[in-house]
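Colleague: Read top to bottom, the protein sequences are chains A and B. Note that numbering that gives the first Met the number 0 gives residue 126 to position 127 of the first sequence, counting from 1, and the numbers run on in steps of one. Note that numbering that gives the first Met the number 0 gives residue 188 to position 189 of the second sequence, counting from 1, and the numbers run on in steps of one.
None of these hints come from the bench; they were simulated from the model. The structure presented is a predicted model; accordingly, all values stated were derived computationally and were not measured. C-beta atoms are modelled at their ideal positions from N, C-alpha and C, and glycine is treated no differently. Some hints could be false.
[What the hints assert, rightly or not] Quick list of in silico lysine-lysine cross-link-like pairs, DSS-like style, CA-CA up to 30 Å:
id: 1; chain 1: B; residue 1: K95; chain 2: B; residue 2: K145
id: 2; chain 1: A; residue 1: K227; chain 2: B; residue 2: K186
id: 3; chain 1: A; residue 1: K228; chain 2: B; residue 2: K186
id: 4; chain 1: B; residue 1: K95; chain 2: A; residue 2: K227
id: 5; chain 1: B; residue 1: K118; chain 2: B; residue 2: K41
id: 6; chain 1: B; residue 1: K101; chain 2: B; residue 2: K145
id: 7; chain 1: A; residue 1: K228; chain 2: B; residue 2: K150
id: 8; chain 1: A; residue 1: K224; chain 2: B; residue 2: K175
id: 9; chain 1: B; residue 1: K145; chain 2: A; residue 2: K227
id: 10; chain 1: B; residue 1: K52; chain 2: B; residue 2: K186
id: 11; chain 1: A; residue 1: K227; chain 2: B; residue 2: K101
id: 12; chain 1: B; residue 1: K101; chain 2: A; residue 2: K224
id: 13; chain 1: A; residue 1: K228; chain 2: B; residue 2: K145
id: 14; chain 1: B; residue 1: K52; chain 2: A; residue 2: K227
id: 15; chain 1: B; residue 1: K150; chain 2: A; residue 2: K250
id: 16; chain 1: A; residue 1: K224; chain 2: A; residue 2: K250
id: 17; chain 1: A; residue 1: K250; chain 2: B; residue 2: K101
id: 18; chain 1: B; residue 1: K52; chain 2: A; residue 2: K228
id: 19; chain 1: B; residue 1: K95; chain 2: A; residue 2: K228
id: 20; chain 1: B; residue 1: K188; chain 2: A; residue 2: K228
id: 21; chain 1: A; residue 1: K119; chain 2: A; residue 2: K250
id: 22; chain 1: B; residue 1: K100; chain 2: B; residue 2: K150
id: 23; chain 1: B; residue 1: K175; chain 2: A; residue 2: K227
id: 24; chain 1: B; residue 1: K101; chain 2: A; residue 2: K228
id: 25; chain 1: B; residue 1: K100; chain 2: A; residue 2: K227
id: 26; chain 1: A; residue 1: K228; chain 2: B; residue 2: K175
[To be verified] If we take Cβ atoms under 10 Å as the criterion, some of the chain A residues that face chain B in the derived model are:
id: 27; residue: D90
id: 28; residue: I91
id: 29; residue: E225
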Amino acid sequence: MSKRILILVCVALAVFMLQGCAGKKTSPSLAADTAAPAAQNGDEYEDNGNGEPYPDSIEGFNRGVFSFNDGFITYVFSPFDTFYSGFFPQDIRNGFGNFYRNLAYPVRLVNALLQFKFDKMAKETASFALNTVFGVGGLFNVTRNMPALQSSPEDFSQTLAFYGLGEGTYVVLPLMGPSSVRDVFGIVADSFLNPLSLVTPDSARYALIGHDKTNAASAALPTYKEIKKESFDHYTSMKDVFFQYRRGLEKE
Amino acid sequence: MKKLFLLLFLLPSAALALDTPTSYIRSNVDAVVAILASPEYKDEATRDAQMQKIEGIVDGFFDSEELSKRSLGQYWRTFTPQQRDEFQVLFLELIKSVYLKKSVAYNGEVVAFNQEIIKSDTQAEVHTTITSPQLNIPVIYYMLRKDASWKVYDVSVENVSLVKNYRSQFQSILQKNSPDQLIAILKEKTNE
Numbered sequence: 000m001s002k003r004i005l006i007l008v009c010v011a012l013a014v015f016m017l018q019g020c021a022g023k024k025t026s027p028s029l030a031a032d033t034a035a036p037a038a039q040n041g042d043e044y045e046d047n048g049n050g051e052p053y054p055d056s057i058e059g060f061n062r063g064v065f066s067f068n069d070g071f072i073t074y075v076f077s078p079f080d081t082f083y084s085g086f087f088p089q090d091i092r093n094g095f096g097n098f099y100r101n102l103a104y105p106v107r108l109v110n111a112l113l114q115f116k117f118d119k120m121a122k123e124t125a126s127f128a129l130n131t132v133f134g135v136g137g138l139f140n141v142t143r144n145m146p147a148l149q150s151s152p153e154d155f156s157q158t159l160a161f162y163g164l165g166e167g168t169y170v171v172l173p174l175m176g177p178s179s180v181r182d183v184f185g186i187v188a189d190s191f192l193n194p195l196s197l198v199t200p201d202s203a204r205y206a207l208i209g210h211d212k213t214n215a216a217s218a219a220l221p222t223y224k225e226i227k228k229e230s231f232d233h234y235t236s237m238k239d240v241f242f243q244y245r246r247g248l249e250k251e
Numbered sequence: 000m001k002k003l004f005l006l007l008f009l010l011p012s013a014a015l016a017l018d019t020p021t022s023y024i025r026s027n028v029d030a031v032v033a034i035l036a037s038p039e040y041k042d043e044a045t046r047d048a049q050m051q052k053i054e055g056i057v058d059g060f061f062d063s064e065e066l067s068k069r070s071l072g073q074y075w076r077t078f079t080p081q082q083r084d085e086f087q088v089l090f091l092e093l094i095k096s097v098y099l100k101k102s103v104a105y106n107g108e109v110v111a112f113n114q115e116i117i118k119s120d121t122q123a124e125v126h127t128t129i130t131s132p133q134l135n136i137p138v139i140y141y142m143l144r145k146d147a148s149w150k151v152y153d154v155s156v157e158n159v160s161l162v163k164n165y166r167s168q169f170q171s172i173l174q175k176n177s178p179d180q181l182i183a184i185l186k187e188k189t190n191e
């Protein structure tokens with residue numbers, strides 16, 4: 000049953016992806032008349048010198064989900080977080096975050112391998128060993144202040160990018176927020192590499208995955224509120240943050 | 000030989016030009032952190048005076064023209080000189096308020112200087128990391144030198160450039176609104 004759903008999701012995503020490609024084809028003509036001013040700006044700015052730099056071919060749908068998510072965050076998650084953050088002090092929440100991050104080491108390792116980034120594999124392995132042994136199973140991030148071991152996390156979406164797959168269109172997922180078609184594939188693939196997926200029984204697995212996501216969302220909530228407050232156009236600002244951040248990771 | 004030393008003393012502007020991008024960022028960041036950490040401003044009542052002092056430093060930190068030009072992209076050309084001036088003042092005001100709100104949250108963070116990339120005589124990047132007990136945040140300052148001193152024209156946090164982010168928003172606004180309307184929106188935001 001669950002396999003059938005997965006296939007269905009994949010087919011739906013493939014359709015989105017094609018739309019994303021179709022959307023891309025039209026952009027050069029759009030960019031043509033604005034290409035000159037883009038060149039005047041510094042070279043690091045030429046990539047989004049045109050009017051609509053980020054692929055968003057299902058904008059109507061995305062905006063709908065985005066406002067649903069915003070309502071959910073404001074009226075459901077935010078009050079819940081007051082309770083959650085009140086119950087678990089900052090240090091404990093950081094500990095949870097460190098633990099889940101450390102546990103997801105196979106995701107980063109395998110994706111670094113798939114991209115032949117051997118230095119990253121070494122850094123990730125050393126960090127994992129030190130944090131597991133000296134950081135009480137990963138609750139403490141003891142390697143955080145070791146510059147030689149810092150490495151931006153690899154994931155399957157970046158692996159797909161490495162092999163030349165485009166990001167597809169922007170997709171705002173219910174509850175999970177900004178993503179791209181390629182990222183959705185990446186998230187599904189990476190979930191199989193996460194040791195949490197091996198936990199039995201099912202109820203314990205869902206509880207742990209749910210807690211991981213809740214804890215991460217709680218940590219990101221202040222930033223979300225900040226972006227909302229400082230932006231003129233919340234939807235556009237979030238889309239821009241998403242693409243800048245993801246494209247930045249791809250380059251590292 | 001003595002004459003040479005004398006000459007060096009008489010050339011303060013030349014000495015200014017020797018300011019490296021890193022030393023420019025470092026001296027400004029140090030000055031702000033010193034004010035934030037100073038026991039003089041421990042009391043809540045002195046908060047305004049403290050913010051005013053920081054504002055004085057932030058004022059000269061950015062190149063407001065470059066900041067505005069880049070945040071408007073191709074729309075900069077559609078602005079009249081008056082609109083440009085007005086926009087420039089308001090946008091700098093906004094960036095300053097964002098910066099000041101961030102500094103209110105200061106809690107003993109330390110800034111490490113990792114790398115300085117000199118792209119040309121007039122363009123450079125300074126890569127830093129802000130370290131707090133919870134996390135490390137990579138911050139990059141993009142700098143230009145027009146006259147004697149380096150100035151910042153963009154800041155990126157976790158690979159997200161401030162100017163690019165505002166440009167995406169301004170472009171989406173300007174597709175449907177006039178420059179004057181954008182200026183009005185900006186005015187409203189800075190008055191909040």
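Colleague: Confirm or reject each hint.
Modeller: Hint check:
Using a Cα cut-off of 30 Å, the hinted pair K95/B and K145/B holds, with the two alpha carbons roughly 21 Å apart. Restraint check for K227/A and K186/B: satisfied, since their Cα atoms lie roughly 17 Å apart, inside the 30 Å limit. Of the supplied pair hints, the one linking K228/A and K186/B holds, its CA atoms being roughly 15 Å apart against a limit of 30 Å. For the hint pairing K95/B with K227/A, the CA-to-CA distance comes to about 17 Å; that is within 30 Å, so the pair holds.
This hinted pair does not check out: K118/B and K41/B have alpha carbons roughly 41 Å apart, beyond 30 Å. At most 30 Å may separate the alpha-carbon atoms for a hinted pair to count; K101/B and K145/B meet this at roughly 28 Å. Note on K228/A and K150/B: the hinted pairing holds, with a Cα-Cα distance of about 27 Å set against a maximum of 30 Å. The suggested pairing of K224/A with K175/B holds, with an alpha-carbon distance near 26 Å, which does not exceed 30 Å.
Simply put, K145/B and K227/A have alpha-carbon atoms about 34 Å apart, too far for the 30 Å limit, and the pair is violated. Restraint check for K52/B and K186/B: satisfied, since their Cα atoms lie roughly 23 Å apart, inside the 30 Å limit. Taking the CA atoms of K227/A and K101/B, the gap is near 15 Å; set against the 30 Å cutoff, the hint holds. Distance hint between K101/B and K224/A is fulfilled; the C-alpha atoms sit about 13 Å from each other, no more than 30 Å.
A threshold of 30 Å between alpha carbons decides the hint, and for K228/A with K145/B the separation of about 33 Å lies outside it, so the pair is violated. For the hint pairing K52/B with K227/A, the CA-to-CA distance comes to about 27 Å; that is within 30 Å, so the pair holds. For the hint pairing K150/B with K250/A, the CA-to-CA distance comes to about 26 Å; that is within 30 Å, so the pair holds. A threshold of 30 Å between alpha carbons decides the hint, and for K224/A with K250/A the separation of about 28 Å falls inside it, so the pair holds.
Distance check on the hinted pair: K250/A and K101/B sit about 28 Å apart at the alpha-carbon level, within 30 Å; holds. Proposed proximity of K52/B and K228/A is supported: the alpha carbons are some 24 Å apart, at most 30 Å. For the given pair, K95/B sits about 15 Å from K228/A by alpha-carbon distance, which is consistent with the 30 Å threshold. The suggested pairing of K188/B with K228/A holds, with an alpha-carbon distance near 10 Å, which does not exceed 30 Å.
With a C-alpha separation of about 13 Å, the suggested pairing of K119/A with K250/A holds against the 30 Å cut-off. With a C-alpha separation of about 21 Å, the suggested pairing of K100/B with K150/B holds against the 30 Å cut-off. A C-alpha spacing of about 21 Å is found between K175/B and K227/A, which places the hinted pair at or below 30 Å, so the restraint holds. Between the alpha carbons of K101/B and K228/A the distance comes to roughly 13 Å, so the proposed pair stays at or under 30 Å and holds.
At most 30 Å may separate the alpha-carbon atoms for a hinted pair to count; K100/B and K227/A meet this at roughly 14 Å. Only pairs whose Cα atoms come within 30 Å are accepted, and K228/A paired with K175/B is accepted, the gap being roughly 22 Å. Checking D90/A against chain B by beta carbon gives a least distance of about 9 Å; that is within 10 Å, so the hint holds. Residue-level restraint check for I91/A is violated (minimum Cβ-Cβ distance to chain B is 12 Å; threshold 10 Å).
For E225/A, the interface hint holds, since its Cβ comes within 10 Å of a Cβ in chain B; the closest pair sits about 8 Å apart.
Checked against the numbered hints above, the structure breaks hints 5, 9, 13, 28 and satisfies the rest.
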